[in-house]
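Q: Residue numbers (my numbering), protein chains in the order written: chain A, 1 to 408; chain B, 1 to 155; chain C, 1 to 254.
Incorrect hints may have been included.
To be verified - Where chain C lies over chain A, by a calculated footprint (3+ residues, C-beta under 8 Å):
#	segment
1	76-88
2	114-126
3	318-327
4	352-365
As the list claims (entries may be wrong) - Distance windows between CB atoms, simulated:
#	chain 1	residue 1	chain 2	residue 2	range
5	C	71	B	68	25 to 31 Å
6	A	292	C	10	57 to 63 Å
7	C	230	B	136	49 to 55 Å
Said to hold, decoys possible - DSBU-like mimics (lysine-lysine), calculated; alpha carbons at most 30 Å apart, straight line:
#	chain 1	residue 1	chain 2	residue 2
8	C	67	C	235
9	C	67	C	55
10	A	268	A	188
11	C	156	C	216
12	C	156	A	351
13	C	156	C	235
14	A	268	C	235
15	A	268	C	119
16	C	119	C	235
17	C	67	A	277
18	C	235	C	55
19	C	119	C	55
20	A	277	A	351
21	A	188	A	351
22	A	188	C	156
23	A	188	C	235
24	C	55	C	156
25	A	160	A	277
26	C	156	C	67
27	A	160	A	268
28	A	351	C	67
Source of the hints: derived by calculation from the structure; they are not laboratory data. Ideal Cβ placement from N, Cα and C applies to all residues, glycine included.
Listed below, chain by chain, are the residues.
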Amino acid sequence: MESLLRGVVGFIYPNELELQWSVLIVLYPFLTGLVAGAFILASLERVFNVEAVRPTYRLALLTALAFLLVAPLPLQLHLGHPERSLEMYFTPHRSSAMAMFGFVYLWYLMVVLVVEIWLDYRRDIVLQARASTGARRFLYRAMALWSDNISPRALAIDAKVGRFVTVLGIPSAFLLHGYVGFIFGSVKANPWWSTPLMPVVFLFSAIVSGIALVMLIYMAGCGLRGRPVDMPCVDTIARYLFYAFLIDFSLEMLDLIHRVYEADESFKTLDFMVHTKLFASQIVLQIFVGTLVPLGLLALIQLTRLTELARRTIYVLAGCLTMLGILAMRWNVVIGGQLFSKSFLGYTTYKMGFATREGLLMALAVMVLPLLILWGLVRLLPPWDAGAGADDTGNGGHGAAATRRPPS
Amino acid sequence: MVRRFRDTGHLLRLAGLFALGGGLFAIASLFMVPDGFGRYGHYRPGALADNRAPAPRYADTASCAGCHDDIVAARQGSRHVQVRCQACHGPLAAHAADPAADTPARPDAATLCLNCHRQLAARPAAFPQIEPVDHAGGESCLSCHNPHHPEPEGS
Amino acid sequence: MDIDRRQFILLAGKALVLTPAAAVVLARLAAGQAAEAPGYEMARHWWAMAIDIEKCIGCGNCVRACKAENDVPREPAYFRTWVERYHVPVDDPEHPLVDSPDGGFDGFPARRTADGQAKDFFVPKLCNHCAQSPCVQVCPVGATFDSPDGVVLVDKTRCLGCRYCVQACPYGCRFIDPRTRVVDKCTLCYHRITRGETTACCETCPTGARRLGDLKDPRDPIHDWLRTNMVQVLKPQMATHAKVYYANLDGAVR
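Use the sequences and the hints to build the structure in full.
A: This is the structure we're talking about:
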């Protein structure tokens with residue numbers, strides 16, 4: 001507490017000394033953003049028939065699932081009484097955006113992700129069940145809900161229902177991450193957060209980060225399996241990343257220009273904060289390193305012709321910088337919104353713990369855990385090989401591919 | 001009928017699973033929602049009683065006069081009459097309930113008087129405030145002032 | 001035959017689920033209602049507070065009394081009420097110098113440079129018990145609420161400690177109690193005012209700068225006070241319909 005008091009500049013309301021929302025609350029929108037973004041990439045192929053990105057379809061879904069499973073963890077670690085969190089299901093306060101969380105999350109997890117993955121993988125699950133013995137067989141049979149029907153007609157029905165679920169999933173993904181933006185954007189007490197643009201900015205930065213993540217994981221997966229990267233696939237992904245990034249950047253610039261132009265009562269205090277306390281995380285990391293550099297790199301690829309190796313290198317670099325930039329954006333919104341006093345007369349500091357419940361170690365663990373879960377999911381439901389007796393691409397296709405493409 | 005639902009058995013099982021989940025949730029709600037929730041608004045009415053429950057630590061103002069009527073009389077006509085007893089003597093509910101068991105300590109004049117009467121720029125100009133060294137040269141406030149009737153004799 | 005068996009199972013399942021559910025609902029309907037406080041009718045009161053800036057001397061009695069009465073943590077980051085001191089330069093009223101050392105718990109240190117170029121005054125602050133409070137609006141589970149008699153309260157058995165309400169309050173009057181990990185704030189001494197006593201802060205205020213008021217009581221002096229004083233609430237642009245009224249409040253106050 002002494003160090004916090006020493007870190008105060010100017011005047012803050014006495015209760016503002018300690019920050020309320022920690023780095024874990026920075027991670028939550030980051031993780032759900034990756035989920036929404038990965039799903040949008042998957043829906044590009046399924047709904048908008050962008051065939052080139054098919055090799056990443058299943059991988060994108062599994063990535064979304066892995067990150068969605070971990071998403072409630074930072075929230076539970078942050079709550080003063082996590083054992084009471086079920087109250088949000090039984091007595092949700094309908095005027096609170098946060099109360100929507102439980103239902104939106106459950107809807108998205110069960111109805112959208114799990115059902116879509118199940119429908120797409122069902123054929124492979126049943127085939128695995130038939131080919132396994134013992135505990136493994138039980139697992140796969142349970143996953144198939146003890147159904148053994150993979151006749152062409154059943155698979156055709158699956159494809160139709162799956163497409164419907166994906167179409168339903170797009171607005172659901174918007175809702176899953178958009179409401180997080182609304183949680184911040186609707187707080188009139190906080191001028192750094194309060195703007196109608198917040199849900200839109202959050203959503204587009206989510207799409208950007210999710211696309212970048214799947215691109216990186218796909219390329220890493222190819223590297224680990226010793227397979228060549230499907231260049232038309234990543235070229236297409238990078239192009240969509242570029243477009244989404246342009247929109248995201250424009251939205252953030254619009255917010256900035258608006259603030260500078262209107263210069264309302266909060267402007268001076270926020271401007272000072274951005275130039276001092278948030279200089280490294282906002283100006284350097286988010287805007288320059290995390291947005292302008294990757295945008296420039298991706299633009300370079302659109303405008304010039306480069307070798308495959310050069311393009312792959314740029315994609316990896318741009319992807320990593322993008323993820324860093326979007327994480328920095330979440331940090332600047334959440335932490336930045338709490339560094340200045342609502343009296344507009346002073347600032348406090350954020351002291352992130354190290355081995356505490358909401359500290360740095362926990363944050364790193366929360367970021368690594370989804371990758372471990374993804375590794376497990378990839379083992380259980382391989383997104384690359386389509387299973388026994390399937391098509392011959394060696395890359396992930398739809399489980400119902402056998403009914404959509406003529407057998408070789 | 002049978003023909004239309006052929007090959008959808010797995011989907012019906014999935015639907016059944018969701019229906020089961022929904023049913024379990026509905027049953028759980030009956031137990032998990034507190035009694036009377038929503039009667040006055042979106043909250044548990046028992047919370048009103050919870051907020052009313054703690055025992056006050058400061059006594060009711062009027063209860064001091066019951067035993068200390070001599071002090072009350074002495075304060076009449078003084079500007080300190082508007083200063084309630086507990087402003088200087090602290091929380092007295094325990095003492096009022098059982099006077100013998102809980103006798104509060106007499107407050108230290110030096111700290112207590114200056115708490116209100118030390119010269120501060122932000123205090124209203126008309127409010128009586130002094131710089132202790134200039135006013136009394138280090139003497140105790142009690143040398144000249146009775147806290148219950150602080151105006152000097154004859155005024 | 002498959003369909004018939006399936007239909008039967010679905011019907012039987014529904015019946016099995018609904019019967020005990022119906023039984024529980026009926027039982028709860030028949031259960032007794034929670035008793036209100038004897039002698040205190042919530043519907044007859046609408047609580048507010050009147051603060052006169054010209055009377056506040058910054059003694060800190062209110063801060064100490066509140067912490068004693070309500071078992072508020074002693075550290076300088078947790079206050080149900082606090083006092084701020086303003087130093088407003090006459091030639092630069094938009095940049096006041098404000099301090100609140102430990103919320104005013106030990107009073108205020110002397111300001112040595114008393115110049116004739118500024119206004120100095122104290123501003124006591126507390127929860128404004130807004131009639132349309134943003135904190136109540138954002139609570140996800142109904143753990144904070146406005147009582148029928150106009151006091152914003154916390155249900156400590158249901159609060160998750162999510163801190164959304166702390167973010168939503170424009171006045172900075174909420175905090176998380178580190179011992180219970182739930183939210184805490186001024187309750188207008190609900191346990192006292194429902195017993196006919198005044199709040200701890202008003203009880204110990206030596207100058208009558210803070211006064212509890214009941215807007216539904218026609219004999220309450222607050223009505224005359226509101227009529228005869230120039231009165232403001234804090235941050236009126238937030239439209240929270242705050243019920244702590246300040247007389248003689250300077251425009252520089254944040």
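Q: Determine for every hint whether it applies to the structure shown.
A: Verification of the hints:
| no. | hint | verdict |
| --- | --- | --- |
| 1 | 76-88 | holds (count 9) |
| 2 | 114-126 | violated (count 0) |
| 3 | 318-327 | violated (count 0) |
| 4 | 352-365 | violated (count 0) |
| 5 | C:71 to B:68: 25 to 31 Å | holds (27 Å) |
| 6 | A:292 to C:10: 57 to 63 Å | holds (59 Å) |
| 7 | C:230 to B:136: 49 to 55 Å | violated (38 Å) |
| 8 | C:67 to C:235 | holds (26 Å) |
| 9 | C:67 to C:55 | holds (22 Å) |
| 10 | A:268 to A:188 | holds (18 Å) |
| 11 | C:156 to C:216 | holds (28 Å) |
| 12 | C:156 to A:351 | holds (27 Å) |
| 13 | C:156 to C:235 | holds (28 Å) |
| 14 | A:268 to C:235 | holds (18 Å) |
| 15 | A:268 to C:119 | holds (23 Å) |
| 16 | C:119 to C:235 | holds (21 Å) |
| 17 | C:67 to A:277 | violated (33 Å) |
| 18 | C:235 to C:55 | holds (21 Å) |
| 19 | C:119 to C:55 | holds (15 Å) |
| 20 | A:277 to A:351 | holds (13 Å) |
| 21 | A:188 to A:351 | holds (26 Å) |
| 22 | A:188 to C:156 | holds (25 Å) |
| 23 | A:188 to C:235 | holds (11 Å) |
| 24 | C:55 to C:156 | violated (35 Å) |
| 25 | A:160 to A:277 | violated (52 Å) |
| 26 | C:156 to C:67 | holds (18 Å) |
| 27 | A:160 to A:268 | violated (55 Å) |
| 28 | A:351 to C:67 | holds (26 Å) |
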